[in-house]
Amino acid sequence: MKNKLKLLRVENSLTQEMLANDLDVNIATIKNAEKGLPISGDVVLKLGDYFDEDPRDIFFNGFVVRRTTVVGDDSKSKEGVK
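Just add 17 to wherever you are in the sequence shown, counting from 1, and you've got this note's numbering.
No lab work stands behind these hints: they were computed from the structure.
We treat Cβ as the ideally placed atom computed from N, Cα and C, and that holds for glycine.
Please note that a few of the clues may not be correct.
With a straight-line Cα cutoff of 25 Å, these simulated BS3-like cross-link-like pairs (lysine-lysine) come out [claimed, not checked]: (1) Lys19 - Lys52; (2) Lys63 - Lys23; (3) Lys23 - Lys52.
Label pairs and their computed distance ranges (CB to CB) [said to hold, decoys possible]: (4) Val88 - Asn43: 46 to 56 Å; (5) Asp74 - Asn38: 46 to 56 Å; (6) Ser57 - Lys23: 51 to 61 Å; (7) Lys21 - Ile44: 12 to 22 Å; (8) Ser57 - Val88: 21 to 31 Å; (9) Glu70 - Asn49: 10 to 20 Å.
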């Protein structure tokens, strides 16, 4: 899953190491978070506080796009936002 952690970090002129030190976490934690790998809830909350953002806005997209099949007289399939 993509998130905007790297964008926030770069916008604030921070290296992964600087951010890890500021949050008192291992640099691997920051790397994993930027890759979308699982991290602890505590770190998610720390990142939200650090960047003054709701953690949901950092780690979750506001929409999901998926393929749906529409059954009808002349419809085969359509792509849409649900």
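Comparing the hints with the structure gives:
1. Lys19 - Lys52: holds (7 Å)
2. Lys63 - Lys23: holds (15 Å)
3. Lys23 - Lys52: Given that 25 Å is the threshold and the Cα spacing comes to 9 Å, the pair holds.
4. Val88 - Asn43: 46 to 56 Å: holds (51 Å)
5. Asp74 - Asn38: 46 to 56 Å: violated (24 Å)
6. Ser57 - Lys23: 51 to 61 Å: 19 Å Cβ-Cβ, so the 51 to 61 Å window is violated.
7. Lys21 - Ile44: 12 to 22 Å: holds (19 Å)
8. Ser57 - Val88: 21 to 31 Å: violated (44 Å)
9. Glu70 - Asn49: 10 to 20 Å: holds (19 Å)
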